[in-house]
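Number of protein chains: 2
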Amino acid sequence: MDAEEFRRRGKEMVDLVADYLENIEDRPVYPDVEPGYLRSLIPTEAPQDPENYEDIIKDVERVIMPGITHWHSPNFFAYFPTASSYPAMLADMLCGAIGCIGFSWAASPACTELETVMLDWLGKMLQLPECFLAGTHGQGGGVIQGTASEATLMSLLAARCKAVRRIQATNSDMSEMEILSKLVAYTSDQAHSSVERAALIGGVKMKKVPTDEHYAVRKDMFMKMVEEDKADGLLPFYFCATLGTTPSCAFDKTEELGPLCNEENMWMHIDAAYAGSAFICPEFRPLLNGVEFADSFNFNPHKWLLINFDCSAMCIWVCNYGVILFFLLPGLVTDYRHWQIPLGRRFRSLKMWFVFRMYGLNGLQAYIRKHVVLAKEFESLVRADKRFEICADVVLGLVCFRLKGSNELNQNLLKRITQCREIHLVPCQLSGRFVLRFAICARKIESHHVQKAWQHITQLTFELLQEPEH
Amino acid sequence: MDAEEFRRRGKEMVDLVADYLENIEDRPVYPDVEPGYLRSLIPTEAPQDPENYEDIIKDVERVIMPGITHWHSPNFFAYFPTASSYPAMLADMLCGAIGCIGFSWAASPACTELETVMLDWLGKMLQLPECFLAGTHGQGGGVIQGTASEATLMSLLAARCKAVRRIQATNSDMSEMEILSKLVAYTSDQAHSSVERAALIGGVKMKKVPTDEHYAVRKDMFMKMVEEDKADGLLPFYFCATLGTTPSCAFDKTEELGPLCNEENMWMHIDAAYAGSAFICPEFRPLLNGVEFADSFNFNPHKWLLINFDCSAMCIWVCNYGVILFFLLPGLVTDYRHWQIPLGRRFRSLKMWFVFRMYGLNGLQAYIRKHVVLAKEFESLVRADKRFEICADVVLGLVCFRLKGSNELNQNLLKRITQCREIHLVPCQLSGRFVLRFAICARKIESHHVQKAWQHITQLTFELLQEPEH
Ligand SMILES: Cc1ncc(COP(=O)(O)O)c(C=O)c1O
Ligand SMILES: Cc1ncc(COP(=O)(O)O)c(C=O)c1O
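First to last, the sequence lines map onto chains A and B.
Per the numbering used here, the first sequence starts with residue 153, numbered consecutively.
Per the numbering used here, the second sequence starts with residue 153, numbered consecutively.
These aren't lab readings, by the way, just hints derived from the structure by calculation.
Don't take each hint at face value.
[Stated by the list, open to error] Pairs of lysine-lysine, DSSO-like flavour, derived with a Cα cap of 30 Å:
{"#": "1", "chain 1": "A", "residue 1": "334", "chain 2": "B", "residue 2": "522"}
{"#": "2", "chain 1": "A", "residue 1": "357", "chain 2": "B", "residue 2": "334"}
{"#": "3", "chain 1": "B", "residue 1": "163", "chain 2": "A", "residue 2": "596"}
{"#": "4", "chain 1": "B", "residue 1": "314", "chain 2": "A", "residue 2": "360"}
{"#": "5", "chain 1": "B", "residue 1": "210", "chain 2": "A", "residue 2": "359"}
{"#": "6", "chain 1": "B", "residue 1": "360", "chain 2": "A", "residue 2": "334"}
{"#": "7", "chain 1": "A", "residue 1": "314", "chain 2": "A", "residue 2": "382"}
{"#": "8", "chain 1": "B", "residue 1": "314", "chain 2": "A", "residue 2": "334"}
{"#": "9", "chain 1": "A", "residue 1": "357", "chain 2": "B", "residue 2": "314"}
{"#": "10", "chain 1": "B", "residue 1": "359", "chain 2": "B", "residue 2": "376"}
{"#": "11", "chain 1": "A", "residue 1": "360", "chain 2": "B", "residue 2": "371"}
{"#": "12", "chain 1": "B", "residue 1": "360", "chain 2": "A", "residue 2": "314"}
{"#": "13", "chain 1": "B", "residue 1": "334", "chain 2": "A", "residue 2": "334"}
{"#": "14", "chain 1": "A", "residue 1": "210", "chain 2": "A", "residue 2": "163"}
{"#": "15", "chain 1": "B", "residue 1": "376", "chain 2": "A", "residue 2": "357"}
{"#": "16", "chain 1": "A", "residue 1": "357", "chain 2": "B", "residue 2": "359"}
{"#": "17", "chain 1": "B", "residue 1": "382", "chain 2": "A", "residue 2": "163"}
{"#": "18", "chain 1": "B", "residue 1": "314", "chain 2": "B", "residue 2": "357"}
{"#": "19", "chain 1": "B", "residue 1": "405", "chain 2": "B", "residue 2": "371"}
{"#": "20", "chain 1": "A", "residue 1": "334", "chain 2": "A", "residue 2": "371"}
{"#": "21", "chain 1": "A", "residue 1": "357", "chain 2": "B", "residue 2": "357"}
{"#": "22", "chain 1": "B", "residue 1": "596", "chain 2": "A", "residue 2": "334"}
{"#": "23", "chain 1": "B", "residue 1": "163", "chain 2": "A", "residue 2": "210"}
{"#": "24", "chain 1": "A", "residue 1": "314", "chain 2": "B", "residue 2": "357"}
{"#": "25", "chain 1": "A", "residue 1": "210", "chain 2": "B", "residue 2": "382"}
{"#": "26", "chain 1": "B", "residue 1": "382", "chain 2": "B", "residue 2": "334"}
{"#": "27", "chain 1": "B", "residue 1": "334", "chain 2": "A", "residue 2": "382"}
{"#": "28", "chain 1": "A", "residue 1": "276", "chain 2": "B", "residue 2": "334"}
{"#": "29", "chain 1": "A", "residue 1": "163", "chain 2": "B", "residue 2": "210"}
{"#": "30", "chain 1": "B", "residue 1": "357", "chain 2": "A", "residue 2": "359"}
{"#": "31", "chain 1": "A", "residue 1": "163", "chain 2": "B", "residue 2": "276"}
{"#": "32", "chain 1": "B", "residue 1": "210", "chain 2": "A", "residue 2": "382"}
{"#": "33", "chain 1": "B", "residue 1": "359", "chain 2": "A", "residue 2": "314"}
{"#": "34", "chain 1": "A", "residue 1": "314", "chain 2": "B", "residue 2": "314"}
{"#": "35", "chain 1": "A", "residue 1": "359", "chain 2": "B", "residue 2": "334"}
{"#": "36", "chain 1": "B", "residue 1": "276", "chain 2": "B", "residue 2": "528"}
{"#": "37", "chain 1": "A", "residue 1": "210", "chain 2": "B", "residue 2": "276"}
[Stated by the list, open to error] Short derived list, chain A residues pointing at chain B, Cβ under 7 Å:
{"#": "38", "residue": "174"}
{"#": "39", "residue": "190"}
{"#": "40", "residue": "223"}
We put the CB at the ideal spot given by N, CA and C, even for glycine.
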């Protein structure tokens, strides 16, 4: 395919993309295929000779679309949102063309420099403390990571390295392995599975702190665990707080937990994967209070800030960047480019630049607020129906609800919803109860979609409760 | 930006992309900016209100382009190639629009299923042993990872888990920490820094095996180290072989190393990040012999197989997939989606599908062969000039060469090359000598680019050798 053909096919593809997104509501949001459906639809080997482009495009509708869960449909209320916007897609095209790999400054200076400045822009939108910005002093600063999971792992490894050094400095008779075997990390019993996994990878113990009735970690409970562990000879070194937990969007009490971590020489990392985007609104910024006690903070703009996932724009800010640098290749810091290779993906900050400029801070705030209003609207609908209950505080764009009654009843309701394919939800467990999660996700969602979804849910509920076995 | 505007802007962007790539030779391949150049060119904060799209596009030329190292210029001979092709870019646009997150089958069945089948296609192109394919038995199989570094880390962690279990089964008195403190991993002294880093992250010792005069690890040397370490009470458990090392594209002798690893119960991982793509050609496939002894194998199609990096299509095949699954979340295997979240990036296999079909196996093989021929052409030019020497076997698309003389002389030559910005190379160290690497990189490179590059190098050499201090 030469440039001329690309010009033609590329323009067709732009229309295909716009058509797909404009008409996405006409497709069932959830696919009707069995595992293994795709293998039989395509050859078992790559072709020897080039095929026709037209045939490939036909296969998109024949092979791919039947197996797609349409994440950007306004009938999609599952998981948490994944971002999508036209300016981000345009930036992505440019990024693909430039196709530079930014693992060092010299490998493409613009790629490194725009990333640093964009993370400062974003840090300012979030009103992060000065020490998290690269600015002119260049101590803290942000970096785009692949996913929140990687950010958590990075922070845990940096904390591990710092702890080993600190403890060895005062206990020179302790071997590194002995220290490692006594280190203990903590996180909420509501934390994302990636946090536990980070500890597994890093080879350190991790304990789950029980949460209160709002599914938040509080100081008293946490302090008790830390004291007991210290009495048992363990070495507490790391706490991963969650702001906006995956099951119910609960918020750990970082304002009281932070000072405790600081006193105990524990690294506090904040995982705000979903909720972080909302902190650009002054009215939600108090939820981030306590960040001044944190050593590192991350959230996923690719979830709720209109920056497509395909740039995997997870951001991490570190209060003292040097620690992360140092732990990775002690002694090789001058060979900075080697340190960066696995982080050096493509020119992801372009997408931020396009989105921030095409929306402006006001546009981004309006977008967040609209989603929160729609979640509140859904909450009111649920509260007005006495058969249902709300299962967790509705703070941002997520509503956890259930039918008053058994888990089985709620499982049956969800099964019907999933089978109808008109809307898509996923469940969670809260205090042993099976709960439905209704997350506002799509960029183009409106009040009428929320109303229609609720009507659909109540219709299925009506049918379910009619059945003799209930 | 609504769909109508996206249709217009998207088509403009397609032309911008084609124009950039068509005229890339007119730009100096290496930028002429100082660190920090970008910060002063743009505001210190995001705008409050939306800006004009035109202004953003103007800024691409004003702010970004001056700081770009043009990786796809036919005058770029640095590092290893990073792939770029029009079919991949088209697939990427589609991928951005679908914007699904494939962390579980249900999250978008097509995304998971196409990935499995594409890795089988690719595995067949490489003639991987049956056990590496998912096929119908579903034991082995491939997965797209972000980078080779992550693949190496994954394999090391899986090996660590397997070793701990195996050793505990026969030495029930050894604690996990004691085992960990005795585990030892090995890799070549030519291995990529990401291998050492994987051990650092995984908290195990790693030793560098000295290489022979071809920069390859051989059995005798390796066996000696393993025996000595065992005698010292250590537990050898992992070897990362490199096929196509970063400095000189050398090949470890996996055919003799593999059986040794198998006998010693050591996991053998093969990192063929760059060279792997060449193994689709029958004449280069023998370089992969020994893979039948490996537990895992990976390479980066985004380096040399025309699949743009922006899909970060690193592939890993594991002979027994179950091990990887199991180590990550023992006991939670049913909650498969949690295991996959950090791996579940976007719909990256679409790009493979488009590229394999638009090129066909023949087209891909022709592409690899052309690059190898051009490298040989450059090698001949160097060999014909008695002032120069070739520093490592030229097997694929990389030529390592230097001026006969001091390291300083060669450093000066490279400095001049870099300052002229007509071509771009990076150096390496081989046996303590400063060596220039000439890698065939661009998709559109032709013989005349290689000839011109050589003329340029010899012209600068002439000038350098004229100077009084030499
Ligand atoms: C609180 C939280 N942390 C981490 C993650 C994982 O994010 P990623 O896929 O970027 O690793 C999620 C995903 O929903 C999340 O909700
Ligand atoms: C042999 C080898 N392994 C690993 C890597 C790192 O690749 P990645 O950036 O995908 O982690 C490279 C990069 O050039 C390499 O040459």
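Hinted pair residue 314 of chain A and residue 314 of chain B, Cα distance within 30 Å: holds, 28 Å
Restraint check for residue 163 of chain B with residue 210 of chain A, where alpha carbons must lie at most 30 Å apart: Distance ~21 Å between residue 163 of chain B and residue 210 of chain A Cα, so the pair holds.
- prompt: Given the hint that residue 276 of chain B pairs with residue 528 of chain B, does the C-alpha gap stay at or below 30 Å?
  reply: holds, 28 Å
task: Mind checking the CB of residue 223 of chain A against every CB in chain B and telling me if the closest is under 7 Å?
output: holds, 5 Å
- prompt: Within 30 Å, alpha carbon to alpha carbon, are residue 314 of chain B and residue 360 of chain A?
  reply: Between residue 314 of chain B and residue 360 of chain A the Cα gap is close to 26 Å, so the pair holds against 30 Å.
message: So if I understand the rule, the pair passes when the alpha-carbon distance is 30 Å or less; does residue 210 of chain A with residue 163 of chain A pass?
response: With Cα atoms ~16 Å apart, residue 210 of chain A and residue 163 of chain A stay inside 30 Å; holds.
task: Would you check the hint for residue 357 of chain A and residue 357 of chain B, treating anything up to 30 Å between C-alpha atoms as holding?
output: Between residue 357 of chain A and residue 357 of chain B the Cα gap is close to 20 Å, so the pair holds against 30 Å.
- prompt: Keeping to a limit of 30 Å between CA atoms, is the pair of residue 334 of chain A and residue 522 of chain B held or broken?
  reply: violated, 56 Å
query: Given the hint that residue 276 of chain A pairs with residue 334 of chain B, does the C-alpha gap stay at or below 30 Å?
result: violated, 47 Å
message: For a C-alpha distance cap of 30 Å, please report whether residue 314 of chain A and residue 382 of chain A respect it.
response: Satisfied, since the Cα-Cα distance of roughly 18 Å is no more than 30 Å.
query: When you check the alpha-carbon spacing of residue 360 of chain B and residue 334 of chain A, does it fall within 30 Å?
result: It holds: about 29 Å lies between the C-alpha atoms, which stays within 30 Å.
query: Does residue 174 of chain A meet its interface restraint, that is, does its C-beta lie within less than 7 Å of any C-beta in chain B?
result: holds, 5 Å
The structure shown violates the earlier hints numbered 1, 5, 11, 15, 17, 22, 25, 28, 31 and 32.
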